[in-house]
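**Student:** Now for the letters of each chain:
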Amino acid sequence: MPEIDAEKLILAQKGDVDAFSDLVNAHQNAVYNLCYRMLGDPYAAEDAAQETFIRAYKAMKSYDKKRSFSTWLLSIAAHHCIDQLRKKRMKVTRIEDSPYLEIPDPRPNPEASLAKAEQQLEVKNLLDVLNETDRAIVIMFYWYEFSYSEIAEALNLTGSAVKSRIHRARAQLAKSWAEKGQTVSGLERQTYGSQAL
Amino acid sequence: MDHKPYELWLVADQPLQPDQEIKLQAHLETCEACRTLQESWREVEDIFEERIFIHPQPGFTERWQLQIIGEFNLEREKEQRRLTWMFLGATTGAAFLILVIMTIRFFATLQNPTEAFISGMTFVAGVSNLTETIQKAFFPLLEVFILSVPTLWWLLMVLSASLLTLVLIFSIRRVIKTRRVSL
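Order-wise, the sequence lines are chains C and X.
Numbering-wise, the first sequence is residues 1 to 197 according to our numbering.
Numbering-wise, the second sequence is residues 1001 to 1183 according to our numbering.
Next comes chain C alone, as it looks inside the complex (with noise of 0.2 Å):
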């Protein structure tokens, strides 16, 4: 996470739009992508990011300082998506089909960036397993690497709800992938078997 400029936050909080530019250019990445991991579409995650820094500027006189901002700024998008999940479901799309996506990748390589973009859609696939709450954990817990108070924090729940929501979302995960696994198996074993026959 970026470091804040203690001035600038207080600008910020005074409602100056220069200021509170740099925080969004600070944050932009790391909440563009909890958005775009809870909701699995890049215009939604677009519009969700947006919305989230109005949000966070609107409130920016509320916020305590003692608080960390990015825990903070992180909260207010994941109460947004999944308020946004809540109201619809999400049109699947294809990862692939996204003209905003940027997965960076050093290597040019087409064969390499397929594997990743593949890979994104599988990481996609095993979030959208997940109901709204359990989706956000499992990204600030992976992701961003928050321990289970601040995930608490972020999502007002308790340390004790956090811990049994991750240790049932992995239980979930593991399940779903056992099960997509054996199923491919399961379609590769069938395939063989119509061939030989």
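The hints are simulated quantities; they were obtained by calculation from the structure and are not laboratory data.
Just so we're clear, the structure is a prediction, and the values are computed from it rather than from any experiment.
Simulated restraints, written as ranges between beta carbons of each label pair:
| hint | chain 1 | residue 1 | chain 2 | residue 2 | range |
| --- | --- | --- | --- | --- | --- |
| 1 | X | Leu1088 | C | Ser160 | 51 to 59 Å |
| 2 | X | Lys1023 | C | Asp16 | 58 to 66 Å |
| 3 | C | Lys87 | X | Thr1084 | 31 to 39 Å |
In silico DSS-like links for lysine-lysine, alpha-carbon gap of 27 Å or less:
| hint | chain 1 | residue 1 | chain 2 | residue 2 |
| --- | --- | --- | --- | --- |
| 4 | C | Lys14 | C | Lys61 |
| 5 | C | Lys163 | X | Lys1023 |
| 6 | C | Lys180 | C | Lys124 |
| 7 | C | Lys180 | C | Lys116 |
| 8 | C | Lys180 | C | Lys163 |
| 9 | X | Lys1004 | C | Lys180 |
| 10 | X | Lys1004 | C | Lys175 |
| 11 | C | Lys58 | X | Lys1078 |
| 12 | C | Lys8 | C | Lys66 |
| 13 | C | Lys14 | C | Lys66 |
| 14 | X | Lys1023 | X | Lys1004 |
| 15 | C | Lys8 | C | Lys58 |
| 16 | C | Lys87 | C | Lys58 |
| 17 | X | Lys1078 | C | Lys14 |
| 18 | C | Lys87 | C | Lys124 |
| 19 | C | Lys58 | C | Lys14 |
| 20 | X | Lys1078 | C | Lys61 |
| 21 | X | Lys1023 | C | Lys175 |
| 22 | X | Lys1004 | C | Lys163 |
| 23 | C | Lys88 | C | Lys124 |
| 24 | C | Lys163 | C | Lys175 |
| 25 | C | Lys58 | C | Lys88 |
| 26 | C | Lys65 | C | Lys14 |
| 27 | C | Lys124 | C | Lys163 |
Cβ coordinates follow ideal geometry from the N, Cα and C atoms, glycine included.
Given the structure of chain C, go ahead and fit chain X onto it with the hints provided.
**Tutor:** For chain X alone, coordinates are given in the frame of chain C:
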């Protein structure tokens, strides 16, 4: 067989107690489903631990700035609309109040229209007589005043009045017009 405790132990992020570890290993030797689950979880965790971050399209901050300007303008428009409705409400309320007072005041007169018409005509005639008297008394004085002031002064006064009216209109326009926020 109850797989629940073993499933939770398989995905636990903290080391198990020695006795739990022994029980888990014994269970895994006999349970293929839990072995598959263990393998699956390892694969899922490997994928998650790569932690690839997806970035927004360039120009995200500029797009946000445009959005916040839009929000400011929207809020200002809402405030203006609210003030307009308040002004209209207050005016309508005042008009209604005046109407009620007038109705109470002239209720007795309205019950007899002929008498009301006659008293109205008498009032108009009275006003007309008063105007005529005032005209007769002040017209000669006004005539003297107009003639005593030079024509150039009159022209200057008319020009000043026109200028002041323009300044007033311009000021009102500036107050009413939606101000744009610049960054």
